[in-house]
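Engineer: Respectively, the protein sequence lines represent chains A and B.
In case it helps, this note's numbering puts the first sequence at residues 348 to 526.
In case it helps, this note's numbering puts the second sequence at residues 130 to 640.
To be clear, the hints were calculated from the coordinates, so they are not data collected in a lab.
The structure presented is a predicted model; accordingly, all values stated were derived computationally and were not measured.
Yeah, the Cβ is synthetic: ideal placement off N, Cα and C, and Gly gets one too.
To spell it out: a stretch of chain A is covered by chain B in this simulated footprint if at least three of its residues, at any positions, have a beta carbon under 8 Å from a beta carbon of chain B; those stretches are: (1) 371–377; (2) 387–399; (3) 504–518.
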Amino acid sequence: MEDRLLVWRFKLGSREALCRIYEKYENHMLTLAISLLNDVSTAEDVVHDVFVSFAQSAERIRLTGNLKNYIAASVANRARDKIRARQRQLSSLNKVEPVSSNSNDAPESLIYDEQSQQLTKAMAELPYEQREVIMLHLQGGMTFRAIASSQGLSINTVRSRYRYGLDRLRSLLNAEVEK
Amino acid sequence: MKPAEDIEKLLKRLHFRASAQMHEKNLNDALNAQEKWKIAKSTVAQPKVSRTIMKSRIVKLATAAVIMIAVVLGLTTVLDHGATPAYAIEQTIEAIKSVPTVHIFGRDWDDRQIEMWVQVDTNTGLMEYCYINHIDDDRLMISTPENTYYHDLRTNTVRIKDGPSVSSVFRLGEFFEGMRLLSERFDGRITYCEVCDLNRNQKVIELKMSSPQVQIVSLIDPQTKLPISIKVTAGEKFGTYEILKHATQIYYDDSPPEGLFDFKVPVGATIIKETIEDPLQKLPESVIQYCVQFHLKVVEEAANAAGIPIDTQIYSVDDQLDLRLEVLEDVTDVTVVPVNTQIYLVDDQFNLRLGGFVGVYNYTNEIWTGEVGLGNFDRPNLAVFDENGKKQQIRLIQHRQFSPGKYRLYWKLDEPLHPGQARGGIYWINDPKKLHKKSPDNTYHLRMSNSFGCEAVENFILILPADFKVCDYSRDYILNENVDDYGTYIWQRHLPKHRISNTVDVSLTAK
Chain A
348 MEDRLLVWRF KLGSREALCR IYEKYENHML TLAISLLNDV STAEDVVHDV
398 FVSFAQSAER IRLTGNLKNY IAASVANRAR DKIRARQRQL SSLNKVEPVS
448 SNSNDAPESL IYDEQSQQLT KAMAELPYEQ REVIMLHLQG GMTFRAIASS
498 QGLSINTVRS RYRYGLDRLR SLLNAEVEK
Chain B
130 MKPAEDIEKL LKRLHFRASA QMHEKNLNDA LNAQEKWKIA KSTVAQPKVS
180 RTIMKSRIVK LATAAVIMIA VVLGLTTVLD HGATPAYAIE QTIEAIKSVP
230 TVHIFGRDWD DRQIEMWVQV DTNTGLMEYC YINHIDDDRL MISTPENTYY
280 HDLRTNTVRI KDGPSVSSVF RLGEFFEGMR LLSERFDGRI TYCEVCDLNR
330 NQKVIELKMS SPQVQIVSLI DPQTKLPISI KVTAGEKFGT YEILKHATQI
380 YYDDSPPEGL FDFKVPVGAT IIKETIEDPL QKLPESVIQY CVQFHLKVVE
430 EAANAAGIPI DTQIYSVDDQ LDLRLEVLED VTDVTVVPVN TQIYLVDDQF
480 NLRLGGFVGV YNYTNEIWTG EVGLGNFDRP NLAVFDENGK KQQIRLIQHR
530 QFSPGKYRLY WKLDEPLHPG QARGGIYWIN DPKKLHKKSP DNTYHLRMSN
580 SFGCEAVENF ILILPADFKV CDYSRDYILN ENVDDYGTYI WQRHLPKHRI
630 SNTVDVSLTA K
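Work the whole structure out from these sequences, hints included.
Structural biologist: Structural data, given as structure tokens:
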């Protein structure tokens, strides 16, 4: 509900609405971009580009779904462009701070930090198409149908990519543990 | 080690936090971009609606995509290219606005020659008259605001249709407005450079949009900024750069030959009339006014209950805002219930026509002129009447790409709509259906049904000739009044939040 109000105000040119939208989705965008690109600096560029572009789009934005989905799809599109442009560069994760959703719990946070590093590393091993579907579904909160529609794919293709991606991810993580 | 479910949970919880530096930079850049957009928006004039619909399938698809969204585009891209003088597509769009006549020679996808004349209403920027001569095929099409004539010279057959031709409309400005959108949608890019046009022996601007699906190259006169040629070819995705459409020469100073748009049926021609008698013309204005007033009364009650301005509520059911009423609920912190009204008109032959309420609300700070969107419909044969019962000029554009079978309805405003103002009216689908006759009592069965999808007050208004009556009904009506020579019956239901089918069955008979 809040998002619709924010978009409405944003379309009318509200700075506050733009700030609120950014603050609300900044980390979400960054997480998605890092997961897709496995490259922090490129991910930061993607977030920057998506949001600056969003700021200029007040007139043409016509939100039929929810804002989070819209932003997630924008990040994915931009990340795909980056991939296509072969601008991937590996870099360390030193500019970002992985945090837990229950960060007060210190031991779990540590575990989670390790896990998040493991996960992003494993994610990077997946074919991009699978990674994209997984992250759009789990991080972007998009349904398979919405992903299929936004990417011009059949829903079965999206489901397959998701399933194969998770299988591959599981085997990668298992292999990591066995080492 | 980990079942898929655990991995899903972990991925959902994955969370990175942006550094303060990144946060500050992105936010500042975004706010600056927003400011620039605001400034650009205030200095760039609203584009008038005009566009090209090409005949090839791909470009039709592409153009349809453009048409749908071009009206909401902020056209601020300036393509500056190094040392050459800055050029912007907006300059071409702006220049086209003042052009009253366009004369084109070109070739279709099959290399057949076409000559085309377009006369534009300079007040609205919309095509008024169009003449297309398919030279190689001996076929002629003349579109006027009243009728469209198709003349096959070989068989001397003339087909006459109601209203202007939609499929053949050539709207140059919108074509350029949409070029950038095409580029975005088809993963392409727009470039320009100065080239020497050997045919004209002059330097011109070459504006090019390249994408895997389609490539458009237009030569622009550097002085007037008007396009002097446009070539549309299939993109690299299709392996060849096959020409889909080529406007080889475009002239703006020519005056159409006198009487060019006055089609006269040739002697001995076979005439096929495809015109439809509009039964709605017989419907008194008072009946339409009654429907509108009833709808507004219910809306006013809902607005009063919610404590919001009625204008804001009236038109928010329309999809143009994309926001519907949830926004207002946030603003007012109250529950706002939308009102949906459907109208069922039965004529004296027991033919049923469907209608409903349409409206626009100018929620921006700008004055709206020209055309405004009224939503999407799955029928192309619509008529719109304003709140006073006056028939309105409309235009329907088919969504060929995104929603096949759907049409976007545009209302040609006869007066500007100022910020905060609203206007509404009634639409009719001019596609009569004969009601089913029941035996043995010889009554006619009508089912009124809708599935609105969320909480709403829904009205079904049934309009019958005065000598008809409702003899049986599955639910009680709330109102029955006579308006001129028509009887009106109204059913109302407060729909719950979850989707339900709201249905009323009635039996009709002549008194």
